[in-house]
Structures are given as structure tokens and as C-alpha cells.
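Now for the letters of each chain:
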Amino acid sequence: MTTTTEAPLREPAVVSTEWRPRIIAFLCNWCSYTGADLAGISRIQWDPSVNIVRVMCSGRMDPTFVAKAFSMGADGVIISGCHPGDCHYQEGNYKTLRRFHLLKRLVEGFGIDGERLKLVWVSASEGDEWAATANEMAAKIRALGPLEVSS
Amino acid sequence: MAENGEPRVGVYVCHCGFNIAATVDVEAVRDEAATRPNVVVARDYQFMCSNAGQDLIKQDIEEKGVNRVVVAACSPLMHEPTFRAAAEEADLNPYLVQIANIREQCAWVHDDRPAATIKAEQLVNGAVGRVALHEPLDPMYAEMNPATLVVGGGIAGIQAALSISEAGNDVYMVERKSTIGGMMAKFDKTFPTLDCAACILTPKMVSADRRDNLHLMTMCEVESVDGFVGNFKVKVRKKARFVTDACTSCGECLNVCPVNVPDPFNEYVSTRHAIHKAFPQAIPSTYVIEKQGSPPCMEACPIHQNAAGYVALIADGRFEEAAKLIRKRNPLPFVCGRVCYHPCETACSRGKVDDPVAIRGLKRLAMDWERENIPDPEPPPAKHDYSEKVAVIGSGPAGLTCAYDLAQEGYDVTVFEKHDKLGGMLAVGLPDYRCPPEIVKRDLDFIRKTGVEFQTGVELGVDFKLADLLNKSKYGFGAVFMALGAHRGLQLQVPGEDAEGVILGIDYLREINLGRPQWTGKKVAVVGGGNTAMDVARTARRQGAEVAILYRRTADEMPADLEEVEGAIAEGVHFDYLVSPLEVVVEKGKVTGLKCINNELGEPDDSGRARPIPIEGSEHIREFDMVIPSVSQQPFRTWFKGGVPEKGEIGFTKWDTLIVEPDSLQTGLPGVFGGGDVVLGPASIVEAMGQGRRAAEAIDKYLRGRPLENFETHVAPPDPVRGFVKAPYEHGPTYDQIEKMPRARLEARDPAARLSDYETVDYGLTEEEGMREASRCLHCGVCVECHSCENVCPPDAVRLDMKDEIVELEVGQILVATGFKSFDPSRMTPYGYGRYDNVVTSAEFERMLNSTGPTGGQILCKNGKPPRSVAIVHCVGSRDENYNRYCSRVCCMAALKFAHLVKDRTDAELYEFYIDMRAFGKGYEEFYLRVLDEGANVIRGKVVEVMPAKRANGDGHLMVRAEDTLIGRFREIPVDMVVLMGAIEPQPDAEQVGRVFSLSRSPDGFFLERHPKLDPIGTTTDGVYVAGCAQGPKDIPDTVAQAQAAAADILGMISKGEVMIEPVRATVQEHLCGGCKTCLSLCPYLAITFDEEHNNAEVNQALCKGCGTCVAACPAAAITGAGFTDEQILAELDGILAPLAMESGAIPEGVAT
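So the sequences go chain by chain: A and B.
Per this note's numbering, the very first residue in the first sequence carries number 1; after that it's consecutive.
Per this note's numbering, the very first residue in the second sequence carries number 10001; after that it's consecutive.
Only chain A is shown next, with the shape it has when bound in the complex (with noise of 0.2 Å):
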């Protein structure tokens, strides 16, 4: 009794030819992700341009990730751990915003507009306040246009 589909390789979908920012967002475990989860439950919309990566904590952000991000076709990135004070590891969130400021200045000098780096703080309570992150992030990258790295 199996109801798994044995579907046929469709016909590629008709995708929209308008263009669609990708942007990755990297939420740490305890408040942004449980925030997005939130938002889900509570069925408040967001954009679809953005992709959550987890990571455990937002002071797990290598820097390495962003620049890969980036180079990999990103054309935006958003990092987002709990509010100051309530880092579930105590002050995670405090090494990344040290972090952030030298990450943004970094990304600058790669000719990358800082208005693609976006640091926010996101508690497991605040969905509402997900959605309007990523909404806000997405519709900043889509005015700004595509990244065109110069390699």
C-alpha cells in the first residue's frame, strides 16, 4: 500500500520571466528561527525571496559565510539572533554585532552596497516582526537591483 507518486519527469514549469532577488538569511536556533516558525504558525506572509539558513547561535556568523553568499549569487543577506541580553549562550549576539560593523565596512570595500547586509534582532515571540524584516529586506534589494559582482 504505497501512495508515494511515481510521477513522470514533468515538463519544466512555467516559471515568471520577472526577476527575483535571492537573499539568504541566517537566524540562530532560539529566538529568530522559533520567530520565523512563529510567523508560519500564525500564517503572517513574507516574502519568498528569502531563504533561511539556522545556525545555532548569530554568533556562530562567520564572516566567510556572507563573502560566500555573496559570491555564490546572494543579492542579500540577512543575519538575525536574539535581542541583546537574551542570547540564549548568554552574549553570542554581542560578538556578532562587534563583528557586523567590521563585516559591513568589509563587504563596502568589495563594491557590495551595505544596504545588502542587514543585522536584526528577532525574539521567538516576534513573527509579526520576522515577516516585516524580510518583507522590508526584499523589498530594498528589489530597488536596488540585481548584485553584479566585478570578479
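These aren't lab readings, by the way, just hints derived from the structure by calculation.
Values in this document were obtained by computation on a predicted structure and should not be read as measured data.
Positions of the beta carbon are idealized from the N, C-alpha and C atoms, including for glycine.
Don't take each hint at face value.
[To be verified] List of simulated lysine-lysine pairs, DSS-like, C-alpha gap at most 30 Å:
| hint | chain 1 | residue 1 | chain 2 | residue 2 |
| --- | --- | --- | --- | --- |
| 1 | B | 10903 | B | 10922 |
| 2 | A | 68 | B | 10177 |
| 3 | B | 11077 | A | 104 |
| 4 | B | 10177 | B | 10862 |
| 5 | B | 10821 | B | 10233 |
[Said to hold, decoys possible] From the derived model, a few chain A residues whose C-beta atoms are all more than 12 Å from chain B:
| hint | residue |
| --- | --- |
| 6 | 104 |
| 7 | 114 |
| 8 | 119 |
[As the list claims (entries may be wrong)] Example chain B residues on the side facing chain A (calculated, C-beta under 7 Å, incomplete):
| hint | residue |
| --- | --- |
| 9 | 10075 |
| 10 | 10574 |
| 11 | 10937 |
With chain A held as given, fit chain B onto it using these hints.
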């Protein structure tokens, strides 16, 4: 299985019924996944979490050799454990499973189906890329400490604690109040059964108290939590209760406590004493003293005199006790009652309302009462009987205080006095009208009774030498206290000061005080603005002279006490401000005048006072036949040449004051201490006494061979009033709410009469005046430290010096049941709470209904009459956009309970104003119908406002205005009483508590449960649970059920005996580590140490929690974070951002689907 071989990925896309499939084309996702590298099978299925779904995974592992699993389904926070377990059942390491969250973070939040499908494909591709790099991990296990911490002693905490301890486990119940019982203890009846709240709660409280393994920790608060599930380390602050467990709850103390403050247990409607028990059945039954720091008057006093204490006793007419209390800390009470410069009054909070309490006058009253009623008071017996002898040089306030304290401690004390009269400055510096000799004598007599010996007319350096005092073969004193005072007046440093008719103020006063012949001129100039100048001027007036005070600044900068200045003015002393002397004009060796110059005020100098600047050309001559410079004094150091021991040194400052250690007051010479004016320079009596007291403590330590540190004698802080900024105590009336009441003035004698003698200037207060004046005291900090309770307590259980302690606990799990706070309806001004007498909160009404409450269970208006009609307003602060959007759930039923009780206990008409009647629980609807049958009027509509009624018959009528939405009319209903059903709100410190326990909060501010339906008791922190109203508004049955559920979870974990810990941990690859130590400072758990020998960092796996901060920071990429390696995250990125097969058209074939 081939875990380490070539990755063979199986992808399983869940429809989740329509939850995912409605928005995401799951088949397209499946097909896209099939195109990804390493994918050997891709399937979609209705419900992957079902057994059948899990079986698919297991089959593929076993049959198709799948060794990596991607499940595209709901959030990993939901079903990751399910799929990991499935993998494990098929012998695949559970950490080789990766979840792609295409429900919460995709299907549910997007409505654009093509876009959502593409996103789901990208997420799955990311997971596929990542999972190929997963390594098998072994979960870690830690022992579960069966001891459990329950935070909050309400019904939730009690219920859970009883269940957990019943099973044989230790439970620590931390409650910040003095009793457990929480909110429920305040209720009278409970809905819908009308059970008596106390009758069902108190048996549980008693069981909690009796159970050996349930440790009640009342008056405690959790300060910090470290560690993790199974092994938490908790720091608890145990606040001082000031009563020990020896308390038998007899209540004797209640008869003597003079303080009454609003009672928080009765919602501040009635009052209770500073020493109290919250309610008769309180557990523990030990009394407690409410003490919010020391009163500012006491803090400001250098000898820590219990001013607020004796003031409170005087207000009660207990003069004898007041005098006793004064004597407890003050060896010179008569003197201080007259001439203390009263820093207590300066600090007195009553000054924020009108004028400070006349504390000094009250002390004088208490002591005068003692003089009349107890002719011969006895000092308490000495505490010890020591053989050592102590010499005190100088019999001023510092010397006397030190001598008294040491004699009480048990030493033999001898005081050496240069003059023939004892008292130092009290005898020779202060005029008799301020400090009458019989007053000083009374204090001296008392001190003598302690065994202190006095030798008068013996001068240091002349009659005896310091070295001889300490010499064992001569005097043989063990220690010496130098309290020499500052008796050397300073000159003006102007020409002509050696003329006849110039005498220093301090010398002039001494000669008069000692009754020696002293000439006084006819026209006297007193130069200076301090108390000495006032004393000199007023003494010269009594000697018949015309007196002018010359001061170089203005009245505002003058350092003399205001009452001395006023006294001088009343006695006809003339004040000349902004004038400085330049030269004493002398003719034939005698003074004929003073050449002066006028000043103007400039910028402030070092002392903060405006600097006087001479005005050029304003020089002039004033005629005087006597000039008395009274600017300042310094100690004599003529004794010094009389000989000092060779070892050690006595040092002097440039002002000739003694150099002493600031804490111990010891001079450079061991065993020789100094204090009073000889150290401070000219200071006040009570400051000198403070130093005498400190010196006594230091000398006792010195002679007992203890180190000269950790002193306990009080030092007045510079700003003693902090902490009492807006109100004298927390929850007390604020200063602007306190009714003004004029300060008692001591009646002064007629100034003309005063000039003819040296009798006291003013009369003391009468007993009636004193009691009234004392009643102005605001009882800052609640307990005024009168020690009355201590004196009457039969088991001697009162300890006013008890201090807060920090207790450390080790527990495995924590239940947070910290409860709620009621909405403050004064925020809703139209309802008139706080403005109209008979508008009450539901909590206040609960207390009114309770037989132990302020009215003994009677429903009464403020005028003492039962109400003729009562309005109950629902949803006050709930379901209101302006305050709280949520429904507080219990208010409708509580309001119906009130309605029943009003109907039951009064004849009042009753109106319920509701928005929707929420009678949702078992028996609730039936109760609603019953109350309707009892004749309650229910009006569907929100109350607009409560206002005073226009009708003039009777007092305190109110009018409730509301729209009746069922009949569509606006209604105005006159009532006598309005009960506001306030919302249930999170505790005001919920944010801080949340941080201590790493709890998140939902938007309404209550603690966030792990899952709103499936785990309403867990939290995002493993091992920390939440129950009761701390998690959200709920009634007693729901609270108890949730607490029981938490207890069941906790007990389950305890019986399991160990906890699994995610193996997400950092490890250092030693060969890559460059030894830069960057990581060391980053770890908040101190899990990283440095191996100096091998020059590399090491991670302690037991301490590491896996945040990955060090991994991100390692410049050599030498630290790996298991489960979240750089490679895994980059592969996930690559998968998400790679072009989709559909887009590129590159669809490979040959993958099983």
C-alpha cells in the same frame, strides 16, 4: 550501514495533508531533488510523520542503501526527533538526517504557488548539499540531578512541588514573599463550586511545610542560573527576615510595634505593623519585619542614633522606652538633645512634605521625661570583664563616647582632662545658655556609673607623657585614645592683633565658661560666621556689650546653624556681611577700631562657596573697643615636645591635626588612636562622638588581638536619603499625597530676659506637643528600629541585624510558576479608580469578602454602610486595544462569583457590565445561569465612564454610564460601589526573570511555552518548565492541571535518570591551531583552555554548549562545530543558490523516485 561511504541521499517531501501541498507543488520539489548530486531516491508522501511515512525512510535505508536522509516537512523544532528516531531504528546514525523546513517557513507564509515551490526546491537542495557532508555523531548523556527548583509559591508551585516531593525527590521552593500561597490565599471563595479558597489551599500549604524533602525558601529570589538540564547551578538571594525560626507566632510583638503601614496582603486597604505575618494561616508561620533599608535620619547620624525609633515611641507616648532606646546608642543624650547640629533633621524625609520632624526637640523631651521620672538610671552591665586598661586623653564628646563604649565592653578606662571641668568643648567652648552645666553633669554621671575614672587638671606633655601611659612599668595602659580637641583659636593675620582688647573667640568663651574674670568691651566686633562666632557674640551681649558680627560673605554662605543666627539676631546682635578686616586700629596699645574693606562675591572656591573679592577703594574704619576673631580653631601640639616614644611616629597635618588611619583611627604609633576635633579639625559634637565610637571598636579589636579591619560602627554616608525619593517606603503614600502638618516650634524665652542670664534660651516641648510632633514621622523604610519587638519576644527570635544571604543550589530541573500581577485600573482614568472612594479593584473586593480581610468579610462602602447597588465592570484592561488585547479568561467567572456573594451578603441590586460572557469551563455555564436566577442584572456593553452622581441624598454615589448593546440604548445606572475586574498581566519583572531562566516571552509578555498545543509546559530551555499564570491567564483548575503536567514531565525525566545532550560541540583540530588565543575570551562558559605545552587551545566538551562563536572567530579555521561545520553551511548555501534543474533544463535521468 555505509555511513562513511559514498553519500546516498534519500529525499522525502511531505504534503502534510494540504498544509504544504496546497501552496507547494510537492511533486515538482521531489523531481527537482532527484536531479541533485548524491540523491538516490526522492519521494513525496501525505504524512511523513506517520508510521507509514517513517517506514518509507527505513525501507530505503535498508533496501536502497540510503545513508543520508532529507525530510522536507515541518520545522525541525517539530519532527526532527521523529525522523532521527526512524533513522536510528534502521541503524542509521540519527545525525545523518536533515530537515528542510518547507511548512512554517515556506508553505504557510507564501501564497504565490510557483514562488513557494521554487523556494521549497531551493531549501531541499540546500539540505541535500549539506547532508552529504554530515558525519555520524554520538549523543552525549549527563546524569539527571533529581532535585528540582520550583520558583513561585502560589497554587501552581505548591501543587507541582507536592507531586515531585511525594515521589521522594528534593524540591526547593523559592518564593519572594514571606509566605507561600500566592494569589489564591487572598481569595474568599472560588468559582463555580464556591469552595472556600483557604479551606482547599491551606491543607496543601501545611503539607508543603511538613514535608521533609520540600524545602520552603520564602523571602528568596533566584539571582542566576548556570549549567544545563540535569545539572543547573542556582544562586538564590535569601532576604533577611529579621525573625528566626524560633518564632512561635505568639504575636506579642504586635502589641509593641509602633509602626503602621498599608497592608499589601489586603491590597493596601487596611494597615499592619512593621513586624507582621501576612495572614493567620501563613506558611511558614514565622513573623517577618519589613525593613526597606535604614531610615535616613539614622543613616545620617554619625552614631547611628535610632531617631525614627524613639520618635515612633514618643508618638505612642512611650517616653521611658524612648529614653532607653536613645541611651542604647548615645552616651551624651542630654547634650545631644540640646546642642546637636542634628544631621538627622537635615536628612528627614518629612522635609519633602513640609518641614523635618523636630527630632532634637523630641530627644530633649524624652530625656527630660527620664530626668523627672527616673532620677537615677542605671547603665546596662558591662559585656565582659577584661584586665586591660585604656587611657582616654580629653573629656570632650569623642573621649567620653570612647570611654563609655570601652567601659561597656568591659575595659578599665581612665579619662585625663586638662581643665578642672569635664566635658571638653561642651564645658569650655559652649555657652551655658546652649549647654547648661547640669545637663552635661547628668550625662557625665551616667558615664561614671559604667566605672570610667576621671582625672582632671592633668595635662598631656606637662603632667604626664604619652610614652609613660603605654609603659608597663609606669601607667601600663594597653591603648590610648587621643581626643585632645581643637582649642587653639586662629588669628586674623592682620596688623594690630596683639593690642589690648583683642582676644580669640575660643579663649573668650573658655574664660567666661570657667568663671574666670574676663573683661568685655562696650562695642565688640566678632569676626567670623560659624557657631563659635554666634556663641561669642551672644555671650558678649550677655556681658552687656553692643556686638557686631563681621562676615566676609553673605548670610547664605554663613556656616552657623540657622537657629543660632536667629537667636543672635533676636538678641540684638548686628550682622555686617561682605566685609573683611584689614587691620586692627590701635591707639596707645588699645583697640579703637577695625579697618575693613567691602567684598563682592566671585566664582565659587574649593569649598563650593562664592569667593569674596575685595572692592578696591572701599576701605573704611569702624569703631570698636574690642575685637574677637572667631574664624577657626586648630589643635594644640605643644604637648608633642613633651616626649614621644622612639618607635613609631605620630604625624600631623599642616593644620596640626593628627594623622590617623581612616578606618581604625590608629596613629602611626601602635595602640595609640586619635579622634574628634584633634583629627577632624573643628567639627560637631556628634561627629566627634562617631569617631569616639569607631576608636572604641578599634581599640577593642587591638586589645583582643584581632586585625583592624571589617569595622561595623556606622559611618554616615554623604547622601543618606537615597532610596526614599518619592515616598518614605515602597507602596507608601508619596510625599505629595501626605497631608501637611506644621512642625512644632520650641517656645523661646523673651530675648530681653535672655540677655540677663545664662539660662536656656528655649523651653522644651510638652508631652502633648511631642506626641503630635512625633506623629509627623513618616516611618521611612517601614521598620524604624525601635527594638520594641526584640525586647518583648519570649523566644528571643528577633534579629534586627540579620543580613541577606546568597544560597547556592544544585538542581536538575526548574519550574517557573511566578504568577501574575493585576492590572492597575488607575491607568484608565474614566473609571475613576483612585479618585472615587467606592471604586475598587477585584483584588480589593476579594479581600473585602474575606473573613480575614479589612472588613471581616462584610461588603461595605467607605462610609461603613453596605452598598444599595453594586456595578461590576468586566474587561478592565483586557480585550482593549489600549491596554491588553487578550482575554484574561477568569474575570467573567470571578465577576459572577462576586455577583453571587453580593446577592448572598447584602440586599444590593447588582449590575454586571460585560462584553461577552465567557463561561467556558466545567460547571461554569450552570453557575452563570444560577447567578442570573439569583437576580443579577447583566448588561452587555462596555462602561464608558464612572462619575459622581448628581443626586444629593447621601454621600459617595456613583453613576455608571454604558451603552446597552442588546437594547441599543445608552444607560446611566446609579450605584454605591463599582468593582473593576482588572486584567491578569505578566509580573512587572517578567523580562528580568525571563533572562535569568533563558525564557522567551510571547507578545503579551507572558512566558512562552515550547509549543502552544503540544508542549504548553516546556520552554525553549531544556529542563525549564512553566506553569500557571506566568504562562498566560488561567483559572485555578487549569493552573493546577498545568502544574501537575509539569510535575509529570519533571518526574519522567527524573526516572529516566539521565539527559541526552545534543552533540553539537566545538573541537579544536590541534594541528591547525596557531595558538593565537582569540577563542579564549569569547567563550562565556570558559570551556576553552590553553595548553601551553603544546601551544594549542582545547575545548572542554562538558562545558561547551555548541554556540559556535569560537568556530566563527578562529582565524585558522582550526575549530570545528559538530553539526554546523563551515563545509556543511557552505554546502547548504550552495544548494540554495545553485540554479534549479528546471531552470537550466539539465534534468539527469536514472534517479529512483
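Comparing the hints with the structure gives:
| no. | hint | in the structure |
| --- | --- | --- |
| 1 | B:10903 / B:10922 | holds (23 Å) |
| 2 | A:68 / B:10177 | violated (55 Å) |
| 3 | B:11077 / A:104 | holds (25 Å) |
| 4 | B:10177 / B:10862 | holds (29 Å) |
| 5 | B:10821 / B:10233 | holds (28 Å) |
| 6 | 104 | holds (16 Å) |
| 7 | 114 | holds (20 Å) |
| 8 | 119 | holds (14 Å) |
| 9 | 10075 | holds (5 Å) |
| 10 | 10574 | violated (65 Å) |
| 11 | 10937 | violated (39 Å) |
When held up to the earlier numbered hints, the structure conflicts with 2, 10, 11 and fits the remainder.
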